[in-house]
Each structure stands twice: as structure tokens, then as C-alpha cells.
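Listed below, chain by chain, are the residues.
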Amino acid sequence: MIQVHVSKRLHTAEGPMDLVFSGTIEQGEFITLFGPSGAGKTTLLRMIAGLTTPDSGTIIVDGQPWFDSGRRINLSPRRRSIGMVFQDYALFPNLTVAENIGLALPREKRGVIVGELLEVAGLQELAGRKPDKLSGGQRQRVALARALALKPTILLLDEPLSALDLQMRLKLQDELLRLHQRYQPTTLLVSHDLSEVFRLSRRVFVLDRGEVTRSGSPTEVFSQSKISNKFRFNGEVVHIKPSGVVYIVHVLVGQDIVQVIASEREIATLKVGKRVLIASKAFNPLIMPLDE
Amino acid sequence: MGSDMNSIPGTIAAIDTDGNLSLVDIEVTSDFRMSALIVETPEHCPWLKTGHKIKILFKETEVSIARNLSGQISLRNRFAATITDIRSEGMLAEITLERAGHQVVSIITSRSAQRMELKTGDQVEWLVKANEVSLTGN
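Chains A and B are the protein sequences, given in the same order. With this note's numbering, you'll find the first sequence wraps up at 396, consecutive numbering, no jumps. With this note's numbering, you'll find the second sequence wraps up at 159, consecutive numbering, no jumps.
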């Protein structure tokens, strides 16, 4: 469990801003920090990593103080069990993929752990390559494997997928989910991609001008609708197909594509990529057991 | 939620609750009352209270159209209206209706529209089952 209570005055282009964050994150939880740039999301990650010092407060990880301004405790980044991935991969250009992943590992464990991570992250074929021979998506996969090599308690991800195209982003989101399930690091992701927030995290903190304005599950936080329907899902429009006076809208819900009939008026507010709430009356769905 | 599907503002006039179900009567105008059967109770839903302003939502494809309807019918949501527009293309037809200044759209098969010889200006009734009606509050 991570208990973070920190504040720091930041000097921004629009004048001073007080970043205040107070929250508890459970072991193995995947949370996102969402908000416009300049809201303080990256600074918060840096404070947890020990790269930026809060003005005051405490950061307690599994009962151990990493930072406590009152007791003058401030562990150096090296002594914090942290893995980090940023938007710009920051791989060592003169080292191979395998060497990059194994860099921080003790020699005797290196072979086994690197071997496993190469396999899990699907990088075996690329083990001997240098970063400049990799695509953007491959480099981020290496960065992610490297961040997980020391089995960190906390994984900090600062918009790691934002430089990638949509298809690669979706693929790496799946990968990230898989790796998270396997290694279960407590994960904090900075993102301003709403789809990413929905796909990856169970809980989101919305930051604006240094303050948490809303928090909760992505649905609680982003669904403005107070609709009565009990049969409803969040999804993303992936395809819209006209059919006479109506349209057939394909919506990605979890791993499944569902189809919804929409009228011309409904379509006016929709486009591919848009997050949507789909709702039906609980009276409509047929329910039947599956063959086992 | 925009005003994209059939969406009519109204005021909750009465709520009858049984277990987890509520049958809600909503007054749109004094002679235009709709009923919604929902899986929700006033106990758990802050806006589900008599006198609260809400929106009534229902899918175009759940709206039936009748002319000279006689005999008994279980539906209580049946309203006289005037057809103001018909758009037919392929298998489906979109019928726009008006009642007391409120517009309702029905999507039915073109076959039915032709069989009933529906045209702009016709006086008809539109019907929707209470269990197809959703409510959204503020």
C-alpha cells in the first residue's frame, strides 16, 4: 500500500501553483493520473520516484517512509523500489535490447530474468539488436521490460504510449495489462488519453492546476449521465456503417465488439474513436447458459 | 446525453415501487403522461422522487404506430399524434410525429409504412411499452 500526502509549490508560466495530493493506493492497483498538461501529474510521479522533493508531507510505501518532511527522511531514487517508463524511451543506444533490460540486475541473476522478460514481452527475436534498429513500439516494450527487471514495488508510467500510432498503442495497452497481471506492480500511469484510462485503470485521479478535482472508477468520473439503466457499458466506437435510414455502430466493449442501431440524429454526435455509454433496458437482453 | 434519441422532458408525478422495480408516471403536459418501468428505487436513486424534473428516453425502434386502434391493449403509453415527416430507404422507414409540441421519431419497417399507407399529415397513435422507457435525472 502506498500512502501519499504531499504538497509542493510549483512556478509555472501562469504564476505559482500549489500541487497538493493526498491518496492511498492499494498493492497491485493500476491507477491513472488524468488531466491537462501543467496540472502537476508528472511532478507527482517524480516526487514518488524521489526525483523531485516535496515541500512537505509523507510518502509511505508498505509501512516504510520513503519521504517524511517532519522526520527529514528522503530516500534517494536508487533506494526506492521503482520502475519507470517515459514517453522518450531513454534506452542506452550502444547496448543491445538484452543488455538494456539487464543493466541494473546483479550478474548472477541477469541471464534468467532477462530471458524471462524477453519471452514475456515478445522480444526474443530482437535480443541482440541496438535501439536504433527498433520501431517506436518495440523500444517502449524494451523500456517496459527494463522497468520491470528489478521487480519494483511501484511502476511509474509517464505517457509511455503517447508517441505511438493508434494500432501500436492498442497493442501495447494489451501488453501492459498482461505484464501488470503477471508481475502485479502497483502502477501509476500519467495519461491524457481517455480510452487508455478506461482500458487500463480501475481508478483515476483527475488533476487540474495542482488539485485532485475528481477521483473514482473511470465510469464514475467520466460518465455524466445519471441514467436509470442497469444494463450499460462503456465502449469505444470502432466503425459506423450506414444502412438505409439507420446506422450500425460497432462498439468495442472490453474485448468484444457489439453492434448498436443508431438513428441519423444519434449519429450526429458520434464518430470513430469516441468513448460512448451504451445502455439498454434490463428487460431486453436474453440470457442463456453457455455450453461447458 | 444529448437530445439525440427520443428525449422528452417531464416531471415525476407518481412512483409505485415493488422490490427493485418502480413504475414511474411522468407528466410531460397535463394531457400527456408517460409511464416507465425501471430497475431502480427511490431509496437508491436521488432523483427518483415525485416532483423531480427528469428526461424520458426511448429508442426510435421501440415506437409502434397504430391507426384506428380498437380493442384492449396492455400498453398505457399510447398517444395521438400527427405525422410531420416520413423518410423511407430500403427496409426501414423513419416516421416523425408531433404531439403537444413534442417530437417523437418511430422507426418501423418500410413494409408496414406502406401497408398502413402512412403519409405526412396523418393522424395516428404511437405506442411504446413502459419497460422500453428509460429515465435520466440530474
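Misleading hints may appear alongside valid ones.
Unchecked claim - Calculated pairs, BS3-like style, for lysine-lysine (alpha carbon to alpha carbon, straight line, at most 25 Å):
id, chain 1, residue 1, chain 2, residue 2
1, A, Lys334, B, Lys74
2, A, Lys330, A, Lys345
3, A, Lys213, A, Lys275
4, B, Lys70, B, Lys140
5, A, Lys234, A, Lys255
6, A, Lys237, A, Lys375
7, B, Lys76, A, Lys334
8, B, Lys76, A, Lys275
9, A, Lys345, A, Lys375
10, A, Lys275, A, Lys334
11, B, Lys70, A, Lys330
12, B, Lys76, A, Lys378
13, B, Lys74, A, Lys330
14, B, Lys140, A, Lys334
15, A, Lys275, A, Lys330
16, A, Lys330, A, Lys378
17, A, Lys375, A, Lys275
18, A, Lys234, A, Lys213
19, A, Lys330, A, Lys375
20, A, Lys330, B, Lys140
21, A, Lys378, A, Lys334
22, B, Lys150, B, Lys74
23, B, Lys76, B, Lys150
24, A, Lys345, A, Lys378
25, A, Lys334, B, Lys70
Just so you know, the hints here were simulated from the structure itself, not pulled from any lab data. None of the values given here were measured: they were computed from a predicted structure.
Tested hints:
1. A:Lys334 <-> B:Lys74: holds (20 Å)
2. A:Lys330 <-> A:Lys345: violated (28 Å)
3. A:Lys213 <-> A:Lys275: The hint is violated at about 29 Å.
4. B:Lys70 <-> B:Lys140: The given pair, whose Cα atoms are some 40 Å apart, is violated under the 25 Å limit.
5. A:Lys234 <-> A:Lys255: holds (24 Å)
6. A:Lys237 <-> A:Lys375: Given that 25 Å is the threshold and the Cα spacing comes to 36 Å, the pair is violated.
7. B:Lys76 <-> A:Lys334: Distance of about 16 Å is within 25 Å: holds.
8. B:Lys76 <-> A:Lys275: violated (40 Å)
9. A:Lys345 <-> A:Lys375: Distance ~11 Å between Lys345 (chain A) and Lys375 (chain A) Cα, so the pair holds.
10. A:Lys275 <-> A:Lys334: Outside the cut-off at roughly 31 Å; violated.
11. B:Lys70 <-> A:Lys330: Holds: Lys70 (chain B) and Lys330 (chain A) sit about 14 Å apart, inside 25 Å.
12. B:Lys76 <-> A:Lys378: holds (23 Å)
13. B:Lys74 <-> A:Lys330: Holds, because 13 Å separates the two Cα atoms, which is no more than 25 Å.
14. B:Lys140 <-> A:Lys334: Violated. Lys140 (chain B) to Lys334 (chain A) sits at ~37 Å, over the 25 Å cutoff.
15. A:Lys275 <-> A:Lys330: violated (33 Å)
16. A:Lys330 <-> A:Lys378: holds (19 Å)
17. A:Lys375 <-> A:Lys275: holds (21 Å)
18. A:Lys234 <-> A:Lys213: Cα-Cα ~22 Å, so holds.
19. A:Lys330 <-> A:Lys375: Judged against 25 Å, a Cα distance of about 23 Å means the pair holds.
20. A:Lys330 <-> B:Lys140: violated (37 Å)
21. A:Lys378 <-> A:Lys334: With a Cα-Cα distance of about 22 Å, the restraint between Lys378 (chain A) and Lys334 (chain A) holds, given a limit of 25 Å.
22. B:Lys150 <-> B:Lys74: holds (21 Å)
23. B:Lys76 <-> B:Lys150: holds (17 Å)
24. A:Lys345 <-> A:Lys378: holds (15 Å)
25. A:Lys334 <-> B:Lys70: Roughly 18 Å between the alpha carbons, so the hint for Lys334 (chain A) and Lys70 (chain B) holds.
In terms of the numbered hints stated before, the structure departs from hints 2, 3, 4, 6, 8, 10, 14, 15 and 20, listed from lowest to highest.
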